[in-house]
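Undergrad: So the sequence lines, in the order shown, correspond to chains E and B.
Number 107 in numbering that gives the first Met the number 0 belongs to position 108 of the first sequence; there are no gaps in the numbering.
Number 9 in numbering that gives the first Met the number 0 belongs to position 10 of the second sequence; there are no gaps in the numbering.
This list has only true hints and no planted wrong ones.
Derived Cβ-Cβ restraints for the label pairs, each shown as a range: (1) E:Val-245 - B:Val-8: 30 to 38 Å; (2) E:Pro-13 - B:Leu-253: 38 to 46 Å; (3) E:Gln-55 - B:Ala-183: 53 to 61 Å; (4) B:Phe-101 - E:Val-245: 25 to 33 Å; (5) B:Gly-38 - E:Pro-13: 50 to 58 Å; (6) B:Ala-173 - E:Ala-310: 32 to 40 Å; (7) B:Gly-161 - E:Val-245: 19 to 27 Å.
Since the hints were derived computationally from the structure, they do not count as laboratory data.
The C-beta atom is built at its ideal place from N, Cα and C for all residues, glycine as well.
Residues per chain are reported as follows:
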Amino acid sequence: MRRYVLRRLLLFVPTLFGASLLVFILLRLVPGDIAEILVYQTGSESSTVQKKQIQQIRAELGLDRPVLVQYGHWMWDALRGDFGQSYSQRRPVSAILAERFPRSMELATLTLFLAVIWAVPLGVVSAVRQNSWVDYLARIVSLSGLSLPLFVTGALILWLLVRFFRWIPPLEFVPFTENPLENLKQLIWPALCQAYYISAPITRLTRSQMLEVIRHDYVRTARAKGLAERAVVYRHALKNALLPVVTFVGWWGGRLLGGLVIMEIIFVVPGMGTSLVQAVSQRDYPTVQAFIFVMAVVFLLVNLAVDLLYAWLDPRIRYT
Amino acid sequence: MARALGRFVIRQPLGAAGAVIVLAMILVALFAPALAPHGPKETGFAPYLAPGAEFPMGTDQVGRDVLSRVIWGARLSLQIGLFSVVFGITLGSLWGATTAYFGGVWDSGSQRIVDSLMALPPIILALSLMAALGQSITNVILALTILLTPTAARTVRSVALGVVAAPYVEAARAAGCSHARIIARHLIPNCLASYIVLFTTNVSYAIVVEASLSFIGAGAPPDEPSWGGMLTAGVQALETAPWMVFFPGLAISLAVFALNLLGDSIRDLTDPRLRGGLG
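Based on the sequences and whatever the hints tell you, model everything.
TA: This is the structure we're talking about:
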């Protein structure tokens, strides 16, 4: 077990290395850099002066060095926990991270929670009544969640709230620890939208797993010994059917941190997604690098946790 | 043929309904030039005209006919969805299948690349790609292809691992078949079911992601009649011109919904465990 965890943790290294290098090179391919943005924004001087200023800023930030050298420096600093200074916000990236990470984490957790409590029962009902109108209705309802792009769903919800309730969710973010109610008033809407969107594949998987499990002998035995249908479905079938669902939900959950971008923009949540989109458009390399790095770490850790949980839930699986 | 079709309709009524809608969409896309009353980029009408006799779906912020753009949008969305999926899923499947077959360093090395790609948030990856490549329809297809490839590689690899371990592959090897022959005759045919499922489920995904990219300003160029671009403009004018959201929204949700229904049914059909009623 310990060896398994250790090996998995070791596999993090090449993955994180690959992911960060990929982003690093990709960003350098984007035309324009922060020096140009800064100078052309403020400058009214002649073009030769501007060119000089650009050169100067690049030299200061180390952008004039070869890309791989820059990457080496970045990696070396990052390994020691130093993500550098943000180009556009002029403060340490770690400070921005510390501010934004908990917000996106909260939104992601809320989303996942809502998605699971809605999607799993729907999948169970759909399986137990396979090919009945309940099944069709459940599938239609869950699939329709995927059918509109999230930004449209979000905008429509905002519009409906304003139109029919003359109420708009708070546009100013309040931390949960400060005022939970005010915080939820804002976050519940993006969480609901995103949850509805990601619930369709969870419902589908729950349904197909239930359909498979329900045909097993032990389910027949449970029925034969006269257990109530409820007990058969929930105690015997669902417990086993949920195993792959756990992996799948974990996989989604790990990716959610970076998947909330659209919702954060629509509902003005100052989380990691909004920050990241802004940083990409401003060529704020250190911020993008650090945010992607943290998202990748969370993704890998969640996946590892899910795999371990899996072994604990299913005694047949033992990692060696 | 007709009988098989009839069986599909009875067994998978939702899938059949989806197929009909998808077919209608393909027809609209094919005959867009004949169906659309105006050109998709034709301006010069009054902006923000409400739906009426002349413009059944109204006009948009620069005075283009929404109906014509929705019709041309079907062509563009299908084009983006199909091309990116054909490239991405095929590339990913071949990648996953061959690395699973050869195993060893090849396999573990390629798995690390797949992991790296998957650890990146898809929207952000697409955004950076679009920023690096520049906004054009070809580049949207390219960015989506890169998003889809690792997912397909991972899925097909796990299927292929099972195939490679099967006795008939061993028998083929013992009989002296070349690698190329085993891959072409045994491996690929046996991975085909998951390829088809990946294919049908990801066309709709690609269409929705394209729309989301438009929203963050990294989709097709704004004058192109993409449903995502139209929705983005519409969301900004929701108060004054709700029809700018309503009609493209209806089009995209109908298309995506139908594609998903069809994909789901095909998935059920390829999974023999899910056939029939409760035991």
